[in-house]
Every structure is written in C-alpha cells, then in structure tokens.
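Residue numbers (the numbering used here), protein chains in the order written: chain W, 1 to 379; chain F, 1 to 202.
Simulated from the structure, these hints should not be mistaken for laboratory data. From the three backbone atoms N, C-alpha and C, an ideal C-beta is built for every residue, glycine too. Some clues are possibly wrong.
[To be verified] Computed cross-link-like contacts, BS3-like style, restricted to lysine-lysine with a CA-CA straight-line distance of at most 30 Å:
{"#": "1", "chain 1": "W", "residue 1": "37", "chain 2": "F", "residue 2": "61"}
{"#": "2", "chain 1": "W", "residue 1": "85", "chain 2": "F", "residue 2": "61"}
{"#": "3", "chain 1": "F", "residue 1": "39", "chain 2": "W", "residue 2": "377"}
{"#": "4", "chain 1": "W", "residue 1": "301", "chain 2": "F", "residue 2": "39"}
{"#": "5", "chain 1": "W", "residue 1": "360", "chain 2": "W", "residue 2": "141"}
{"#": "6", "chain 1": "F", "residue 1": "41", "chain 2": "W", "residue 2": "141"}
{"#": "7", "chain 1": "F", "residue 1": "109", "chain 2": "W", "residue 2": "301"}
{"#": "8", "chain 1": "W", "residue 1": "324", "chain 2": "F", "residue 2": "61"}
{"#": "9", "chain 1": "F", "residue 1": "39", "chain 2": "W", "residue 2": "360"}
[To be verified] To spell it out: a stretch of chain F is covered by chain W in this simulated footprint if at least three of its residues, at any positions, have a beta carbon under 8 Å from a beta carbon of chain W; those stretches are:
{"#": "10", "stretch": "47 to 56"}
{"#": "11", "stretch": "98 to 112"}
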Amino acid sequence: MNRKLENIKKIKVEKPLKLDCGKTINNFPLAYETYGKLNKNKDNAILVFHALTGDQFVSGTNPITNKEGWWVTAVGPGKALDTNKYFVICANVIGGCMGSLGPKDINPETKQPYGLEFPVITIRDMVRAQESLLDHLGIKKLLCATGGSMGGMQLLQFCSTFPNRCFSAIPIACSSSHSAQNIALNELARQAIMADPVWDKGKYFLKDVQPKNGLAVARMVGHISYLSEKGMQEKFGRKLQEKADYEFSFNADFQVESYLRHQGFAFVERFDANSVLYITRAMDYFDLSKQFKGGLVEAFKGQKTKFLIISFSSDWLYTTKENKDIVIALNASGADVSYSEIFTDKGHDSFLLQVPDFLKTLKSFVDSMYEKFKNEKRI
Amino acid sequence: MRNLKMKKEFKVIADLLPNNTRVLDVGCGDGSLMDLLYKKKNIEVRGLELDQINVQQCIHKGLPVIQGNAETELHQFPNQSFDYVVLSQTLQAFYNPEKVLRELLRIGKSVIISIPNFGYWKVRTKLLFFGKMPVTKTLPNTWYNTPNLHMCTIKDLFSFCDEKKIKIQKVIGVNEDKTSLIKRNNLEIKNLFSKLGIFLIG
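All chains, full assembly: derive it from the sequences and hints.
As structure tokens, this is what we get:
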C-alpha cells in the first residue's frame, strides 16, 4: 500500500501554514487527483471537498483500493459534473491518510510517525492547505466548488476565508456548526478506537498493527447515522443472513448485522485509526459563526459567489433545518442563494447514491453557472 | 395554477417594476416571470417556490430560487431587503392571507399582488343563475379540489387595504389583453369587468 501511495499526485506546500491550534507546519505533502482537462481560459475548474472517510479519488478507479471512486455517481464522463466538459479537482485533507500530511507520517523531529504528536487540525486548516493547490494549478477563480457532509463544511469555510475564489458553490447536506448529536456520534467513534487495546495511545504503528476492532466499530456507528430509519427497514428489515432461523448465538444472524460488520472491516483496510480521531475532532470544532463572534451572517458578508444549498428530507445527521439555517444567513447577508430539499428515504448517504432528483439539480446548476461564468468573463 | 395564468399579467407586472431593482417573487413557479424580469429589466431576482419540479426548472434556467413554503418560511428574509415583493395569484390560497401580506410588506419596500377577481361578471352570473360554485378560466377548479381558501374581489382587497391602513399606490384590472387603471371612482364597474386585479401597495 505504501509503495502505491508514492505514485499518487502530490505537491509540497512550502509556505508555512499557521494552524488554528498555534503550531505551524511547512514543507508538507498535499495529495490530489484531477479529472478532465483544464481549458485554455481556465474557467471550467470544479473543486470537490471530500467527506470524513473520503479521499482525492472522486471518480474512476481508486488506485490504492482498486475500488470505484467515492463519487462516481456524480463525477465522470457524461455525469452531473461532466469530466468531458469540466476539470474536477479533489485534494486529500491534511490529517487524512491518502498521501497528505497526517498522523501516520514521519515527524521530522522524532524521526517516528507522529501518532498523537500530530497537531490537532481544524476545517479552516484543511482549506487553507488546499488553497495552495489552486495556486499550484494556476486557477484564480473556480467555476464551482462543492462537497457533501464534511466536504460541505470545508466549502463554507473556504468561501468565508477566501471570498469570491469560486464563482459558484454547492454545499450539500452539511452544517455551519457541528451539532451536539454529531459531536456525540463522533465521540462514540473515537471512544471505540481508543478502547481497543491495540490502539495503545495512538502508538500502534510502532508494532505495525491497526486497532482493527475499534476502528471497525467506529465505522459501524458512522454507517448507521448515514442511513434513515425507513431506508434501513426497507433494505434489511428483519431478514436473516443466509440462514433459515436464529442460530441462538452472537454471530451475525441478521442481514443488518452482517452489513455493518462487512462495512466495518472493509474500512480498516483503507483507513488509519488516528486519522479518524483527528478528522472527527476537526468536524466537532467546526463552528463558522464562532469565528465571527456568533454572527453567521458576517461569515458571508460581501459574497459574490452564487450558492446552491441542498439537503435531503430523511437526513437526520445534517438535517434540513441545519441546512436552512445556512440559507437564512446567506439571505440575510444579501448573497445569491438557491436552496433545494430533495425528497428521498436514503438518508445522509443520498449525496453519494443514485438519487435522480439530486443529480439532476446538481447538473442543472453547474451547467447554468458555466454559461454565466463564461459570459461574465467575456464582459 | 400558475401555468394557466394570462401572460398579460406578467407584462403588466414587469411594466410596474423599474429597471435594476431587487425583486422577490413569492411562489415563482417555473421562473417565467423571474426570467422576464432578469433578461428585460436587469432586475436582481429571487424566487420562493414550494414545488420541487418547479424549483429544478428555475435552477436549470440559472435563476436563484429557494424551496420553501411562503405560509411558514417568509421569516427567513430580512426586513426591507427587497425593493419589491411579487405575489401572483396565490394570496387566496393561504390559510392566513393577512399574516402573509404583513410579511410581504415587511420584506419589500413595495408589494405587488395579483388576485383572480371573484367579482368578475361571469363568476357572479354563474353563481346567480346556476346556483353552483363558478368554474372559469382563471378559476379552473371545482369547490372540492380548489386550493383557493379565501376568494375575494378587487373591491374586497381595496376595502381590506383601507381598513388595515395599507397604502394603495396603483391598481390595474386585466381582462384578456386589455388593461385599465382602477380608481375609487370606477371601482364598481371595473370590479365587474376585470378578470384579474393587480395591486401595487405599501
């Protein structure tokens, strides 16, 4: 896996980045991937921000896992974000484990992997690091930036920190400040990892092992929260897993148990446990209004970016209400904002799945923004 | 409902609005009026619309639209944040039209409201001679499936504004392709011959 990681696209960010925690990092790697071609006018670039367990491999085949990119439903030739037309960019967040600086990298001071010596990062740190990539690619203004869940949070932060760096923005199923429920669920995930004796205060890498059990449970918690009650009932109900009756044991009798176990243990193959701790912490600390002394409206003052906020009716993790609060703040700041609530049973996961109304809305917006952006540039 | 509306109505509304203003279209449908205002008058438009298919149509046209219910979600727009708020043929469909109207006047410096006129002579004669709830081109639904909970006449809305001390700036009556100015001295006759009343108030 490590050899494969050496072959992925990376830039070295030389400019020192002062993190919110007070520490500074410099000369750090930022891994990314691009799809499609940047045109001559450089007006067809779309930046995608990935979610908690995502990575830069949005479309096609992920070269590390050999599985499909995490957003193939929306990104690719002929898709909503059509890579025949647009140049799609995605970077791995710092704190992650797909080539950008993260807790499993070597700490130059100790010559050992950081582990918990890695500085606690924030969503703002993540997007500041990614701005360097746009400079590297020579893109002054993005046609569009988008992202779901934590990706949407990064996008809100990006728009606020770098006003008017994107012509349009589509935050999907996200929030401007992490709710108590979401902090609680993240804490559950972290506690599961830390309760695994293999975790060893984050030093498991010294023995070249992973706290697999804890990490798998953390992923199971996540998976439950990504579905809706109705969606789960319809998909699994009380169906048994390849058996006629109860086994009267604690094996996975029910299909839903088997599904969770499978998801949990597939995840440990591709993700680093300490990365989960760091990234979930960054999400919990995210409160855009706090940066503006409680006024979310201030966060978007003077925005010329055209926003489209999308929420899903059955998403209980990042609810319609939370997404509407962003719309209200954008409205109050006088920004150009559209909003659509997509009706679906598929819960928070909807943005990753074949949800036709969602994909149609996404495509309509991006295509119409491209026409507007080209016109604006011409004038 | 909106697709059955006379196109003339949009032209009248567009003529009432000065260029380069900020306009909120409440119940903007598929964005036809917003599109007209944006293209012809360089108006900065925003829409509020309940129906998801209509919302998609607006987004497809590149028009900013917020999916939501005007009855319950107008609170999200700040005070006096628009030069004009337009409400086309929807006032009569709200549970509480007075509350909605107050909200519109809070959000917009001025408000344009159009209503299907229940005082139109064809409507009156249908009820008078047939003894049945009128079904016309502007009121196409029957009593049991109509979204219209609070039908009123042009004269009713006039009295309402007077009673609530809402300033009436201009009222235009529309009948097919003809429009006419409605004043207090011709109210009785215009109330009889207009299919649609368009009020500029606030």
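Going down the list of hints, with the structure as the test:
Proximity of residue 37 of chain W to residue 61 of chain F is assessed by CA-CA distance (about 26 Å); at most 30 Å being required, the pair is judged to hold. With a C-alpha separation of about 19 Å, the suggested pair residue 85 of chain W and residue 61 of chain F falls inside the 30 Å cut-off, and the hint holds. Using a Cα cut-off of 30 Å, the hinted pair residue 39 of chain F and residue 377 of chain W holds, with the two alpha carbons roughly 18 Å apart. The hinted pair formed by residue 301 of chain W and residue 39 of chain F meets the criterion: a straight-line CA distance of about 26 Å does not exceed 30 Å.
Restraint check for residue 360 of chain W and residue 141 of chain W: the C-alpha separation of about 24 Å stays at or below 30 Å, so the hint holds. Distance check on the hinted pair: residue 41 of chain F and residue 141 of chain W sit about 28 Å apart at the alpha-carbon level, within 30 Å; holds. Under the criterion of a C-alpha separation no larger than 30 Å, the hint pairing residue 109 of chain F with residue 301 of chain W is consistent with the structure, at around 22 Å. Restraint check: the Cα-Cα separation between residue 324 of chain W and residue 61 of chain F comes to about 22 Å, which is no more than 30 Å; the hinted pair holds.
Between residue 39 of chain F and residue 360 of chain W the CA atoms are separated by roughly 24 Å; this keeps the pair inside 30 Å, and the hint holds. Residue count for the stretch 47 to 56 of chain F with a Cβ under 8 Å from a Cβ of chain W: 3. That meets the three needed, and the coverage hint holds. Counting residues of the stretch 98 to 112 of chain F whose C-beta sits closer than 8 Å to any C-beta of chain W gives 0, which falls short of three, so the coverage hint is violated.
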